[in-house]
Every structure is written in C-alpha cells, then in structure tokens.
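Protein chains in written order, with full-length UniProt numbering: chain B, 1 to 99; chain Y, 1 to 493.
Check before you lean on any hint, since a few could be wrong.
[As the list claims (entries may be wrong)] Cross-link-like lysine-lysine pairs, in silico, DSSO-like; alpha carbons within 30 Å at most:
#1 K8/Y <-> K14/B
#2 K89/Y <-> K321/Y
#3 K427/Y <-> K405/Y
#4 K405/Y <-> K41/B
#5 K262/Y <-> K14/B
#6 K98/Y <-> K14/B
#7 K8/Y <-> K234/Y
#8 K14/B <-> K427/Y
No lab work stands behind these hints, which were simulated from the structure alone.
Predicted model only: the values in this text are computed from it and were never measured.
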Amino acid sequence: MSAITRDEVAHLAKLSRLALTDDELGHFATQLDVIIGSVAKVAEIAAEDVPPSSHALPLTNVFRADEVRQSLTPQQALSGAPAVEDDRFRVPRILGEEA
Amino acid sequence: MSVIAFDKALERFEPVLGLETHVELGTASKMFCGCATGFGAEPNTQVCPTCLAFPGSLPVANEAAIEATIRIGLALNCSIAEWCRFARKNYFYPDMPKNYQISQYDEPLCFDGYLDVEVGGQTYRVEIERVHLEEDTGKSTHVGGATGRIHGADYSIVDYNRAGIPLVEIVTKPITGTGAMAPEVARAYGVELREIMRSLGVSDVRMDQGSMRFDVNVSLNEPGAPWGTRTETKNVNSFRSVERSVRGEIERQAFLLTSGEKIIQETRHFHEDTGTTTSGRSKEEAQDYRYFPDPDLVPIAPDPTWVATLRDTLPELPSVKRKRLQSEWSVSDHDMESMYNAGAIDLVEATIAAGAPAADARKWWMGELARRANESGTALADLPITPGDVARVSELVASGSLNDKLARAALEGILAGEGSADEVIAKRGLQIADEGELLAIIDQVLADNTDAAEKVRSGKVAAVGALVGAVMKASRGKADAGRAREIILEKLS
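Let's have the full structure, built from the sequences with the hints guiding it.
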C-alpha cells in the first residue's frame, strides 16, 4: 500500500525548495513510504511506559547565564557570504512572499 | 476599496477577534547565544556562529529569557508547563539563516490564562491561549523597485543583529461578545499588556523599534451562525493602528459578506496612511512548517519551587496598582481613566513620591504639561522634565514663592532645556513680588485707576477684579494675586 502520493512528494519538494523531476517524484514516494513504514514499526513497539523522546540524553534545563560574549566582526561574519552589500548579506530577489 | 460603514456592519455581524503579540525581551544576550541585543547597532556586529547557523554551532537556552517568559505567563494568570520543548519551524526565507526558526509548537511554556481589560467602565475578559518563547528574525532591506517593498525589488540585503533575540509570543483565544467595542477592546488589551510588560521589567516595549508588535485576527459572523473565516493583519505597530485595523477589517469584510462574496483566509498588511489593509499571502497550513522538536535543545522542566518563587515575587500588577492609587489619591473613575490614557499615572506617582501633594501633581501633569505634550505631539513621559522638577515647582507654589503664572513660566523654561526648576527661576528672575514691591505697585495702580477704586470703595466689590488685573499686569505677572486682592480691599475699606 502506498501511503505517500506523488502529490505529497511534490508538495514537500516545493516546501523544501527542491526541483524534482517527474521520475524522481515516483522514486521518492516509494522510498518515503518505506521510511514511514519503518518508523511505524518502532511506534508499534513503544509501550506506555516508554515516553516519546526527542533527545538521546536524559537531560532537562540546560541553560546559559544571560551574559554577553564576543561576537564576530562583520568582516568575519560576512567572509563566507556569496554576496555582500553595506555590511549585509546580499540575497537574490525574494518572490511570492512579503514579510 | 469598498466598505460598509462600521455602525451598519455591526448591525448585521458580530466580530470575533484574536490577537497575537510579539514582545522582544530585554535580555542582555540573545536567546541561544551570547551576542548582544542592543537596538541600532551597526549591521552584522551582533552575530556569531550560532545565530548565523554556521555548521557545528549549537544553541543553549538563555535562563533569563525562560524566567521572563514564566513571569509573563504568571502575570497573565497562565498555567506553567511542567515539561516542554522547543520546536523547529521550517521555512525558506532569508530572515533566518538556519532555514528554520526555533519556536515552540504544541508545548508552550505557559498556557490557559486571561487578562481583564476595562473599556468605558465595562470589564472584558480576554482569555490567553498560550505564551511561548521563540527567537526573533533578521532584518531584510529590499533594494530596487519603486516602493522599497519586496514586490519589484531586485534583491534584498540582510542584517542578522536581530536574529536570535528572545521573542515572546502571547496568543489570545478567540475574543467574542465585544460587538461595536471590538476596536477599543483590542486597543485596551494591547495597552494593558504593555503596562504589564513594563511592570515586570522584561522588555522596553518600544513599539517604534518593533520590540512590541501585534498581529490582528478578525472574522465576522451573523448572530447565531458559526464563526466566519478570519484574516490576519500582520505587524501592526501602534495601539492606534490596532484599533483602526480592527475597524477597517470589519468594514471590509462586512462589505464582502453582504455582497455575497467569501472571505479568503490570508495575511493582510496594514497601511498607516489610509487605515486599510491589503492582501498579503494565503496563510500557510501549520503542517507546511513541518514543526518537530529541536534535537539540539533539551526539554525545559521548570522546577515548581522556582515557579512558586517567581509567582511570589511578581510585582504589583498595573490594574491592582491603579485601584490602590485611585483610592489613595481620591480621584474619580473618570479622572483615573484620563490619567491612564494619558500615560500619566507613573509620572503623577513619582511626583507625589518627590514630595508634591496628590492634587497638585495631578493638576500639573494633566493640565499645563498635558497641554504642552499635546502641542508638541509627544507622549507625556517623553517631555524633557522629571517628576522631581514638577514636585519642586509645586513646592514653590505652595510656599508662596511662585504664583501660577510664574510656575508655568518655570515649567516652560525646564521644557526648553534651561535647567532645573531653581536654575530656570534664577535665570528668568521668576520671583514673586515681595510685600514692599507689591504695596508700591498697588499704590500706583490705585492712583491710576481712580474710577475703579471709587466703585470698590462704594461697595461694588466685584470691581476689585480689574484692579487685581492691573496689579498683575504692572508686576509682569510676579504678584501674588490673592494677596494683592486682600491688600486692595483693606486699603479701600
């Protein structure tokens, strides 16, 4: 049974800004199906005494004190940027959205 | 754009509001790294590998931001989560270099609270859905095109100083039953929220600098019908705009609905100049953000003892404080509301603390100073005068060294930056005439105004006003009018 449709893969690809070909849509739909099936198997094993986990370490409340530390210089910060203007990161035209 | 007049719209529809408020916390460092948070720094001077999302960097949560958020939750009568997590909100937009924003999704730090606001003597309870913690985004500038907006721009440039500053989002539950008061209730909620943030000292809540901003949701339905489709007006940056955006959206939606059209669920942009909104983008579904718990951050489980301590050490909340002050100052509901709306309560309180009687403190701030603030279009609190200055002027009036007119001149001098009350008085020679000077002036006035003097002598006491006026004029405002009247009546009896 295919739980993941080609349309869903196309939607995900759009959200992830990935350009997939028609062939790839089918290819990834099958692969994602397998992945989701595997995760579902884990979910079957999880019993009520096993709480859901999002972290490998049994830790909570790891905080830092509110202290200012040295930042980078703008030169350092921008050194890896593909394009720079006025000490800012220059990015291509943003389409379709307004913020 | 076609609209239906507000009153007509309210005859047919009931509005449902929802408000989302973003408050930038006033921590010294960012939410997940040690970069400074000052406003107005040179571009990209408050950035580091973590807030620029360099590979290998890891976020660590700022304890002061967690504490401030819990205190906000407690002040808004919320429950505090025993355990919650940060989540990644995934989207592609260059305002966050990570391609996600660290936020909270289904496990907010605080939830299920309320805030009571008063409008026109009536109390409206605004229920709070959640208070959660996230990080602010960077600031984009759009280059090219005519408008400086994204549409038509050739490219954008981004400053990440703001990216990663702790940002609290306060979300109301749908607010119903406000009817025609909806715009005022929305505004009053915003104002009260700002008061609370101030009393907690968690943010500078400078709306002009974006450290407090609102998203305003509005829908309309006919009485008894299910709620309508809502629109969300983003980044509304003043209380006046909150009020106007609610009003404008009610008028716009009412027109569409009465014309048989549908409301599209979308974000809209508010325009200060016209008070109207225009369409933005269709609202994403929450699932499009593919939220998931951030594996770089461990869960937060606030120690109940810590939360109890924070609860016990909350400051007196603004609404409670106002009730206390109103009773201490013996002022009417109306006068208290006027002071609240003018932002005068803290100023009056500080002036009283500096030694002025309550009535005098209120008189100066709500009279002469309110007038001056109004004239110059500034907020009362932004006038260049301190409560200490006002208390000193009030003291000098009480002791008889200044009359009302001289006191106003002294305030004018202080506002003009001429120095403290005493310095202005010395520089301008604002000293009430002494008894000897006063007697000399009065004798001259009586000699020059024999007709009026004769009238008073013959029992027409009302004519004394003209003589007192002449004394005030001759002394160039420096006479004590009350004392002058006494002396004149004595001399003419």
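Pairwise hint evaluation, K321/Y against K89/Y, where the allowed Cα distance is 30 Å at most: 39 Å, violated
Given the hinted pair K405/Y and K41/B, is their alpha-carbon gap at most 30 Å? Measuring from Cα to Cα gives roughly 86 Å; hence the hint is violated.
Do the alpha carbons of K8/Y and K234/Y lie within 30 Å of each other, as the hint requires? 26 Å, holds
Hint check: K14/B vs K427/Y, CA-CA at most 30 Å. Holds or violated? Judged against 30 Å, a Cα distance of about 72 Å means the pair is violated.
Regarding the pair K8/Y and K14/B, is the alpha-carbon distance no greater than 30 Å? Since the Cα atoms of K8/Y and K14/B sit roughly 44 Å apart, the hinted pair is violated (cutoff 30 Å).
K98/Y and K14/B: Cα distance at most 30 Å? Between K98/Y and K14/B the Cα gap is close to 18 Å, so the pair holds against 30 Å.
Holds or violated: are the alpha carbons of K427/Y and K405/Y at most 30 Å from each other? 16 Å, holds
For a C-alpha distance cap of 30 Å, please report whether K262/Y and K14/B respect it. Given pair K262/Y, K14/B holds - Cα atoms ~28 Å apart, limit 30 Å.
Of the numbered hints listed earlier, those contradicted by the structure are 1, 2, 4, 8.
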